[in-house]
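> Sequence:
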Amino acid sequence: MPELPEVETIRQDLEQEIAGKTLRDLEVKERLHLLKNCSERELKRSVVGQRLIAMKRRGKYLLFCFEKFVVVLHLRMSGRLLLEPAKHTRLILEFEKNKTIYFDDARRFGALYLSSQEELEKLPALQKLGIEPFSKEYSLRNFRSRLNSRQEIKRWLLDQSKVTGVGNIYACEALFEARIGPEREASSLSSQESKRLFEAVLQILRRAIEFKGTSIESYRMPSGELGNFQKNFKVYGRLKEPCHRCHGPISRITQGGRSTYFCRACQS
DNA sequence: AGTATAACCTGTCTGC
DNA sequence: TGCAGACAGGTTATAC
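All residue numbers for the first sequence refer to the numbering used here, where the first residue is 32 and numbers rise by one.
Derived by calculation from the structure, the hints in this document are not laboratory data.
Please note that a few of the clues may not be correct.
[What the hints assert, rightly or not] Think about it this way: if two alpha-carbon atoms lie no more than 20 Å apart in a straight line, the pair counts; the simulated DMTMM-like pairs of lysine to aspartate or glutamate are:
(1) K99 x E152
(2) K60 x E125
(3) K75 x D44
(4) K75 x E127
(5) K87 x E48
(6) K128 x E58
(7) K193 x E149
(8) K118 x E58
(9) K271 x E214
(10) K99 x E149
(11) K52 x E115
(12) K75 x E149
(13) K75 x E58
(14) K193 x E168
(15) K265 x E208
(16) K226 x E248
(17) K67 x E183
(18) K226 x E183
(19) K130 x D44
(20) K75 x D56
From just these sequences and the hints, can you work out the full model?
In structure tokens form, the structure reads like this:
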């Protein structure tokens, strides 16, 4: 469910809540699916009693940076971090001063990795990630160099090893903004088109963060507040509704098993 | 090596 | 009301 703007919003929210606080205890309720590279014992031994230095983010991964160790969490499709327990609580982080964070994840796709501070860069999950939007790596030059691919451009945008953080919603919205058809081969983009897409991705992500992400169904901030970017959708979920540019109907196709929404008239 | 497909799970909605 | 089928903000083993 969450893409970069949602994860970034959660990061900001959690930073306010727990940065600087010491972890008193933790409880894992879904070891089998959730813990990818450590046992519950290892996890507890590493971070219980430690102070949370900072909340960071890499792509769609949340990084709980403790003094010596980092807890790397991916929310996948249905993961949420809440200040109250919910129906599918899989992990409980109990900080001092009664600040408790509940990881709720109906579909159990969520993934947690434990890493030492020094070895964080070597974590395979993070190593595979491509250019980070808003970082200095995100340059037109780097963006273009990775477009050398025969993938359809929509699938290319979803490929986290190219650019990281874009998911199904923002891929559709960015392609509309850049007026590029989703089925175009990535390597076929002209220099004008690649520049438009490069800028559209940043613009869409930036605006979505300003609106605190998109709440269609289950996503919410830890505080329980909803995101508001869904009010700005130009194409996503708008099958047969009128295009904001040309008033023609929005189309839907399937690419790699995911729905793509776009305007046939405006995007080519 | 790069790319497409199936699989991982549960919940919700639509149509018969 | 019940039930089958489609679909959902994502990634990853597996198979070409």
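> Next step is simple, just say for each hint if it's right about the structure.
Consistency of the hints with the structure:
1. A distance of roughly 14 Å separates the Cα atoms of K99 and E152; the hinted pair therefore holds under the 20 Å criterion.
2. Only pairs whose Cα atoms come within 20 Å are accepted, and K60 paired with E125 is accepted, the gap being roughly 14 Å.
3. Between K75 and D44 the alpha-carbon distance is near 24 Å, which puts this suggested pair outside the 20 Å criterion.
4. Simply put, K75 and E127 have alpha-carbon atoms about 15 Å apart, close enough for the 20 Å limit, and the pair holds.
5. Restraint check: the Cα-Cα separation between K87 and E48 comes to about 14 Å, which is no more than 20 Å; the hinted pair holds.
6. Annotation: proposed proximity of K128 to E58 holds, straight-line Cα distance about 17 Å (limit 20 Å).
7. Restraint check: the Cα-Cα separation between K193 and E149 comes to about 25 Å, which exceeds 20 Å; the hinted pair is violated.
8. Only pairs whose Cα atoms come within 20 Å are accepted, and K118 paired with E58 is accepted, the gap being roughly 16 Å.
9. Proximity of K271 to E214 is assessed by CA-CA distance (about 19 Å); at most 20 Å being required, the pair is judged to hold.
10. Taking the CA atoms of K99 and E149, the gap is near 8 Å; set against the 20 Å cutoff, the hint holds.
11. Among the hinted pairs, K52 with E115 is consistent with the structure: their alpha-carbon atoms are about 18 Å apart, no more than 20 Å.
12. Distance check on the hinted pair: K75 and E149 sit about 19 Å apart at the alpha-carbon level, within 20 Å; holds.
13. Our distance criterion of 20 Å between C-alpha atoms is met by K75 and E58, whose separation comes to about 8 Å.
14. Distance hint between K193 and E168 is fulfilled; the C-alpha atoms sit about 12 Å from each other, no more than 20 Å.
15. Of the pairs offered as hints, the one joining K265 and E208 holds, with about 9 Å between alpha carbons and a cut-off of 20 Å not exceeded.
16. For the hint pairing K226 with E248, the CA-to-CA distance comes to about 33 Å; that exceeds 20 Å, so the pair is violated.
17. Proximity of K67 to E183 is assessed by CA-CA distance (about 31 Å); at most 20 Å being required, the pair is judged violated.
18. Annotation: proposed proximity of K226 to E183 holds, straight-line Cα distance about 17 Å (limit 20 Å).
19. With a C-alpha separation of about 13 Å, the suggested pairing of K130 with D44 holds against the 20 Å cut-off.
20. Restraint check for K75 and D56: the C-alpha separation of about 8 Å stays at or below 20 Å, so the hint holds.
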